[in-house]
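Colleague: With chain A held as given, fit chain B onto it using these hints.
Respectively, the protein sequence lines represent chains A and B.
Heads up, this note's numbering is the position in the first sequence plus 2, with the first residue counted as 1.
Heads up, this note's numbering is the position in the second sequence plus 1, with the first residue counted as 1.
Rather than coming from a laboratory, the hints here were simulated on the basis of the structure.
The model shown is predicted, which means the values in this text are computed figures rather than measured ones.
If we take Cβ atoms under 8 Å as the criterion, some of the chain B residues that face chain A in the derived model are:
{"id": "1", "residue": "30"}
{"id": "2", "residue": "37"}
{"id": "3", "residue": "53"}
{"id": "4", "residue": "54"}
{"id": "5", "residue": "57"}
{"id": "6", "residue": "58"}
{"id": "7", "residue": "60"}
{"id": "8", "residue": "64"}
{"id": "9", "residue": "65"}
{"id": "10", "residue": "68"}
{"id": "11", "residue": "72"}
{"id": "12", "residue": "84"}
{"id": "13", "residue": "126"}
{"id": "14", "residue": "127"}
{"id": "15", "residue": "130"}
Backbone N, C-alpha and C define an ideal beta-carbon position, used for all residues, glycine too.
Here are the chains, one letter per residue:
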Amino acid sequence: MSILVVLLSLAAGAYALAVIERWAVHGHLSLTGPAWAALALMGRESLLARKSDRLFFELGPVLLLVAGLMAVAVIPLAPELIITDLATGALFLNAALAYVLVALIMAGWGPNGAYAMIAGWRFLGQFIAYAMLIVMPITAVAMRAESLSTVEIVASQAQLWNVLYQPMGFVLFVVAAMGLAWLPPLDLPDATGELAGGVEAEYTGVRLAVLRLARMVIILALAGATVTFYLGGWLGPWLPAWAWSAIKILVVAAAMLSVGRYMPRIREARYLALSWKLGISLALANIFVVGVIALVVPI
Amino acid sequence: MTVQMIFLAFFGGAAVWFGVVVFRTHSMVRSALALLFSQTAIGAMFLVMQAEFLGVLQIMMMATEMSVMAIFMVMFMMDPGGMGKMDMTHQKRLSLWAGGIGLLAALLLVWLPDWGPVALSVPGAHEQAADLGRELLGRSMLIFQSAGLTILTAMVAATMAAIVPNAEQRK
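Extracted from the complex, chain A is given alone in its bound form (with noise of 0.2 Å):
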């Protein structure tokens, strides 16, 4: 039952999200305007590159949804709506998250064009550069609600939350969310302004429909992470729980999605260089002060 409502709203969040971004870029809202660019990508050729690898190609956005959906398996959008709340729910987002990086180079190599690859590639770069930053924060996270399952993190919560316990951890975490789901300005993988769409260049068609589907699940779990890691998830005065849920993850992706607008994209170099040398120190100072502060007022 509880995954039967999980998906519907899943699948009402997405095309919220689809109405943000579209009036987020071209600055008009159109409530029926993702439904109608769904329906015009599914009556679109999809074309297929010479010499392709075929498995990778076809395989990429199927992973690429899935991996976002075993994410989503593991965020409560209440006490008891959630698909299953595991006792190792944190790291198990971690471990579905991850292939969003196999899916994204399956992507790139697949349709054999040099721009894909480049992307595929520069995702991996950008990945494994952030994520430490996911994971990081996590671990403190966990650390103050003394278990990894993510209804108890939210529940850790009650007092005070978390993105006022450990601030810190919040920015890094927002950061590597972003780039983990490639929006801008951390959009390197398919910047359009030099790779002509990167990973999704080569894509048309139903194909190209199932990678935009797959991002915006991915955007909405990255979503419903930060709420339940850092904003007290359902927690929340006079509305029902779910309620707090969604206007929660709803505000944060549109916020995710419309910073983008107003920042120029990073260069590669200096995106890497910054994770590396300042996001890990930073994390791990976060996690420092996250157990002192655990050990010495415990709230």
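Modeller: Below, chain B alone, put in the same frame as chain A:
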């Protein structure tokens, strides 16, 4: 128990089959990703055996590791796409011997020692994670920390050895 055995056999078979694919394909990326899916199947076997933390950890770690291996294979092999039909195998006799001896050793290790009684009840996933944490930060801490530090030192040293200083830095 039988359902568990069926799933265990299925994922075990998948792990072996993907392992065979590694050597059957000519494409370096396919080869690396086949190894990844072989390892993922082993992670799934851990999950079937109710070792949740280990399973999830295996599935997570291998994704990045095998992807990194894929890019190195593409960089160093002469025919990474496998479209030139180049034979990239060598030292076949040695490999056969090494493989045979490895298989024999694994079989002996399975059959010969007395493994003791099979665990009939497994602690819950929460307790497992907690127990693992106590083990890693207690009795086994010295071993794991020194291994970790050694690997880190090796990585830093390898990176330093690999970096070719450019003209500006040499001054």
